[in-house]
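Start from the sequences and build out the full structure, keeping to the hints where you can.
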Amino acid sequence: FMKFYFISGVGAGILSALIQPASTIPIIGASGAIYGILLGFAVMYPNRVIYLNFLIPIKVKYFVMIFAALELMASMGGASLQDGVAHFTHLSGMIFAYLYLFWTQYKQKNARINMIRFPGFKNRRSGTRDFTRKPPAELKPDEERELDELMDRIAMNGYDSLSEKEKIRLLELSAKNPKDKQ
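Residue 209 is where the sequence shown starts when you use the numbering used here, and the numbers rise one by one after that.
These aren't lab readings, by the way, just hints derived from the structure by calculation.
All C-beta atoms in this analysis are idealised placements derived from N, C-alpha and C, irrespective of residue type, glycine included.
Mixed in with the good hints, there may be bad ones.
To be verified - With a straight-line Cα cutoff of 27 Å, these simulated DSSO-like cross-link-like pairs (lysine-lysine) come out:
| hint | residue 1 | residue 2 |
| --- | --- | --- |
| 1 | Lys267 | Lys375 |
| 2 | Lys348 | Lys375 |
| 3 | Lys384 | Lys373 |
| 4 | Lys384 | Lys348 |
| 5 | Lys269 | Lys211 |
| 6 | Lys269 | Lys384 |
| 7 | Lys348 | Lys373 |
Said to hold, decoys possible - The following label-pair restraints were derived from C-beta to C-beta distances:
| hint | residue 1 | residue 2 | range |
| --- | --- | --- | --- |
| 8 | Glu380 | Pro229 | 52 to 60 Å |
| 9 | Glu372 | Lys211 | 32 to 40 Å |
| 10 | Ala225 | Glu351 | 51 to 59 Å |
| 11 | Val293 | Ile362 | 47 to 55 Å |
| 12 | Arg361 | Pro234 | 56 to 64 Å |
| 13 | Ala363 | Tyr253 | 22 to 30 Å |
| 14 | Ser371 | Trp311 | 40 to 48 Å |
Next comes the structure, spelled out in structure tokens:
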């Protein structure tokens, strides 16, 4: 985590200083590191739901896309000159975070980071274009009934009332249940 934070922050500060050398806004890079962490969270858990002002549910990937778009508009519109915020530093932190995650995935082929991919980009392994999403595994009716029975027992008697075999089966069924995935 600290390595990721520092790479995002230092990269943000250096890239901002190189691209905007005449800027009068002080650049530290810490805000770029925070935006890098936001992007890292969105890349690794894109469908997690967060709540804006504790009321409005939004998936993390859309939340970060909105933040990136706002920062891009602010940096292109010259808002930095008026508000004293280094908006390009925020974008630089996101760029370095994405490059770092991409590099670690490329370097460690066994590590499977869920990088954001867009439909229509070529699949590197097969060379074909992938426009479809695979449907999630569905529970069969008897498996759904079994899961409901286990959940009812937990609600009535607690998790410890299940045997080890039932606990393992509960984990297997929960992993297949598309309702649990967010």
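Status of the hints after comparison with the structure:
Only pairs whose Cα atoms come within 27 Å are accepted, and Lys267 paired with Lys375 is rejected, the gap being roughly 30 Å. About 19 Å separates the Cα atoms of Lys348 and Lys375, which keeps this hinted pair within 27 Å; it holds. The straight-line distance between the Cα atoms of Lys384 and Lys373 is roughly 17 Å, inside the 27 Å bound, and the hint therefore holds. A threshold of 27 Å between alpha carbons decides the hint, and for Lys384 with Lys348 the separation of about 10 Å falls inside it, so the pair holds.
Proximity of Lys269 to Lys211 is assessed by CA-CA distance (about 23 Å); at most 27 Å being required, the pair is judged to hold. For a cut-off of 27 Å, the pair hint linking Lys269 to Lys384 stands: about 23 Å separates their Cα positions. With a C-alpha separation of about 20 Å, the suggested pairing of Lys348 with Lys373 holds against the 27 Å cut-off. At roughly 57 Å, the beta-carbon separation of Glu380 and Pro229 lies within the given 52 to 60 Å, and the hint holds.
Checking the proposed 32 to 40 Å range against Glu372 and Lys211 shows it holds: the Cβ atoms sit about 38 Å from each other. Taken as a hint, the range 51 to 59 Å holds for the pair Ala225 and Glu351, whose Cβ atoms sit roughly 57 Å apart. With their beta carbons about 49 Å apart, Val293 and Ile362 fall inside the hinted range of 47 to 55 Å. Between Arg361 and Pro234 the Cβ separation comes to about 60 Å, which falls inside the hinted range of 56 to 64 Å.
About 28 Å separates the C-beta atoms of Ala363 and Tyr253, a value consistent with the hinted range of 22 to 30 Å. Checking the proposed 40 to 48 Å range against Ser371 and Trp311 shows it holds: the Cβ atoms sit about 46 Å from each other.
Hint violations for this structure: number 1 only, all remaining hints satisfied.
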